[in-house]
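Residue numbers (my numbering), protein chains in the order written: chain A, 1 to 224; chain B, 225 to 425; chain C, 426 to 1065.
Think of the hints as simulated: they come from the structure by calculation, not from any bench. One or more hints might be untrue.
A partial selection of chain B residues facing chain C, derived with a Cβ cut-off under 8 Å [what the hints assert, rightly or not]:
no., residue
1, C393
2, L396
3, L397
4, V400
5, P402
6, D403
7, T407
8, L408
9, K409
The C-beta atom is built at its ideal place from N, Cα and C for all residues, glycine as well.
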Amino acid sequence: MSTEARVGNLAANDWDGGAFPYRVGHRKLGMWLFIVSDAMTFSAMLIGYSYARAASDQWPTPFPFNPSIIFSTVMTLFLLASSFTMVMAVRASAANRLKAARRWIGATMLGGTVFIVLHSIEWSHLLGEGLRPFGVSAGSTFAKEWAERWPQAPPLFGASFFAITGLHMFHVFTGVIYLGVVALRIGKTRHEDVEISGLYWHFVDLVWMFVFPLIYLMSVDMTK
Amino acid sequence: MAQPSIRDVFQKSDLILMGVCVVLAAGFLLLTAKNAASAGNFLTIDSLFFTAVCLLLALTFIAVPALTMRARGVHPFAVPEELPPARAAEHVHFEGGTRLFGNVLLGLLGLTVVEVVLAYIKIHDLRIFLTILMGLSLVKAALIVAYFMHLKFERLSLVVTLVPTLVVCICLLFIVFPDSFRTLKQRTNRPTAAATTGEPE
Amino acid sequence: MAEDDIPNEAHGTEEHAAEHGAAVHHHGPPTSFIRKYVFSIDHKVIGIQYLLLALFSVFLGMLMSIMMRMNMTWPGHSWWLLAKLFPTGAPGGVMSPEFYLSLVTMHGTMMVFFVLTTAPQGGFGNYFLPIQIGAEDMAFPVLNMLSFWVTFLGLAVLVSAIFAAGNGVIGPTGGWTAYPPLSAIGDVLNVPGQGMGMNLWIISIALFCGGSLLGALNFITTLLNLRTRGMSLMRMPLTCWAWFTTAVLALLAFPVLLAAGVLLFLDKNLGTSFFVPAGLSTGTTVIDHAGGSPIMWQHLFWFFGHPEVYIAILPGMGATSHILSTFARKPVFGYRAMVFALFAIGLLGFFVWGHHMFISGMSPYTGMAFSVLTLSIGVPSAIKTFNWLGTLWGGRIRFKTPMLFAIGFVSLFVAGGITGLVLGQTTLDLSMHDTYFVLAHFHLVMGVAAIFGMFAGMYFWFPKMFGRMMNETLGRIHFWPTIIGVYCIFIPMHVMGIVGMPRRYSQFYEIVNGQVQMIYNFNRPTVPLIHFVTWAAIITVSAQVIFIFNFFWSMFKGQKATDNPWEATTLEWTTATPPPHDNFGGRVPTVYRGAYEFSVPGAPDDFVMQTTPDETEANIVTTAGTHAVQGKGDGHNGHG
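With the rest of the complex left out, here is chain A (with noise of 0.2 Å):
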């Protein structure tokens, strides 16, 4: 918003009524909101995740650092790469250059597509050595080692990842599609449409820098 200050005590009538009290427009006061409401969402998945860890005697840490973590880093690097693209993306659709706006946008949705490329390749690579939502699959890689190791363990490391992981992967799903959108209608939006785009796709991104270490580097195999 551009309402720069003409009168000297602006700031005490700010929220006098007939001003935006922030300096913000709706749709972006809103999309933040959406943001402080969503990230308690996850936090709660987090917290119900921690409670469950913090409760166990024994947790499975089956990740070892070579290729598990790795892989996964590379999946960060991937997303932060999107987050600094998007905001490239908005700068440039502040300076009213559309096409580098689309283009830095393009570059964001390529990101968060290797993104969730990346990942469900890693999925189907869990699923297959027999991580399960409730549990380990009977008689699987997974089972036998994890009889041995963690006996104790209860079938919650498979539920937690699934469930964290795959909410998340829905956030970035969703917002490559909403970034698409934008992206085609560039030309018919205002910046603020761009600007909030880039609000969405930062959270999901701030969303991973809590998951990663939390989910994967809290799971890194200790003896190998």
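Go by the hints and put chains B and C onto chain A.
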């Protein structure tokens, strides 16, 4: 001169026909996706043939409206040469440039690398590991919120509305942990519970 | 989020935008029936839609409660209608215990979610918040429409859950709190009703969460960004403050329920064990879930559940403050204190959820902290009560129907709130928990009080909404049986609770050969009370027919209302009755004073409208207004 909009150029019947084409194209794409998802082994002759045919049909159907629009000079998703009036009226002031955002990205990458290195050298006390990780993640989150989400350049009132609300609510959720530790204690005491019946915790 | 823009292509040009200046939405009034009454984006129509939805739900919920009472009072009696309607749940017209439980579940869910949350906030809030702050519509009209229809879908799914038959019972039987493990692995354990019905229940609640969330962020944005010139925060009517606080609570509480619901759904359908502990068995086989904790569900649920209680009651508090002041012809006593008390209640409401879990096996230390915090809610509540009494004190009170219901609200709030202090203490709660005492407490303070707030609001705002007055005589005839009736229902329930009658039991005695045979002997003294309560409930529910008749009759045949029939001061009374599509007919109101200027010395009338300027103040506001117009103009271009 602004781009002509679709409704200026086409009649209702044109639009309906084009809509039918788009729906058909989308339907074939869906068939392709369904085949890819449900086929056990995707790389068979049958499956590939089915995919190729479906994609070809989808392309054919989408080509009709696309070419028609192009012929009539309508580009529904084109970036206009001249700025639309709503945008031209805006004077957006946007702080930060490539250098700043590049630095932030470098910082985020650096912190991520530190986290991963910690996982590599393996800190066996998980509590310490968790504390460091959460500390680093909070810094990363703060960087993202402040620079990428541009909160640093918003008014202070917005910051003090959003951030404390969220922090208080998330911290409130931490009240569940005493129960978690209690459950752990009860679980780990289980084998010896019989021996110490009646003893208060 | 993406698609809520009001296309300004329709009017497109700059000149048009400039002409409308501060217009929120550039669309004209819709003409087709569907756009006008069904998929309307007009906040007034959406408000009425919410009210009708709540009206439908409240009558369904009340019928269920009557069915429950009759089953308890005349056990074994064969009801012809039940046999016809529910051949599975009530074979031969005698209710099975599981059917009773599913009625409990449905009654609770419908009342809490689809009545107490929708009507005061989605209904009255939607209709009057934009008008009271001088806006032309909500900030996101399309989102507003979506939030109603998502809620409607949630209700449809919930109603369909009633008919999800399984194991000789209909509907989920987990109560509105859906405690695991029964809700999570009910179908594995072969618990009647916990199969498909429970799934539908979770889906319905998830939809409701989504709808409320959209509504909440719309309310907050509207209130912050769309206040008209001169409408500073401290000039807003207390109703607006209440709706705002409620929206903040909803925004922060519902996502947690959503997350918990997702986890419960996974537990139920994908075999995860977030909420399921080890060692459960069906009697023959051991369930292979392990490692979860039902207490975690309780934590997550009540993290939402307790703010939800305030989501239900705060709008009622706002309406009551508003109406008491208007009909006592006095300013609200301690406006500022009222605002802070509202916020304090909202804030403390987040800190106290553990008092629902004192006997769940939670850590006693947290229990103590929760207890202390719970009792401290008494402080802002007392501030509110004293300020209501202070508002009434020495006023020239006009006892119209809205005023009667507002005073009824205060009475019920106090009567129900006092027992909250009893239940908030861990030691007392140990014996009172899950008895009729709890039932009586929350029905009085959260259920009936909130409904009295809604009745007060309905009688008060009906003329503005439908252009006709509700019948005064019928209103009084509705009021007296209702208030006496609810006390007759719920005061005996306290006694039953102290005797020890547990909640959710379908029967306490049987009739054998015309003789009462107690199933639980300690309950013998409460048998006459059970009969008394049931008759009181039947009479009270019948009295609501008067309201329904009055509502629909007045809508078409009532006396025509003037623009300001109650001589009130706030902005909704400055516009036409009913308000035009853009609320103020193209005019942007300017506010010069607070919301409750009644009986101002020297004023010509005993009320001064918020839009009435006076010489000294007018000057100040005009100078301030110059920049404000600028700010608003920019902003609305920005919104487009």
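Verification of the hints:
| no. | hint | verdict |
| --- | --- | --- |
| 1 | C393 | holds, 5 Å |
| 2 | L396 | holds, 6 Å |
| 3 | L397 | holds, 7 Å |
| 4 | V400 | holds, 5 Å |
| 5 | P402 | holds, 4 Å |
| 6 | D403 | holds, 5 Å |
| 7 | T407 | holds, 6 Å |
| 8 | L408 | violated, 10 Å |
| 9 | K409 | violated, 10 Å |
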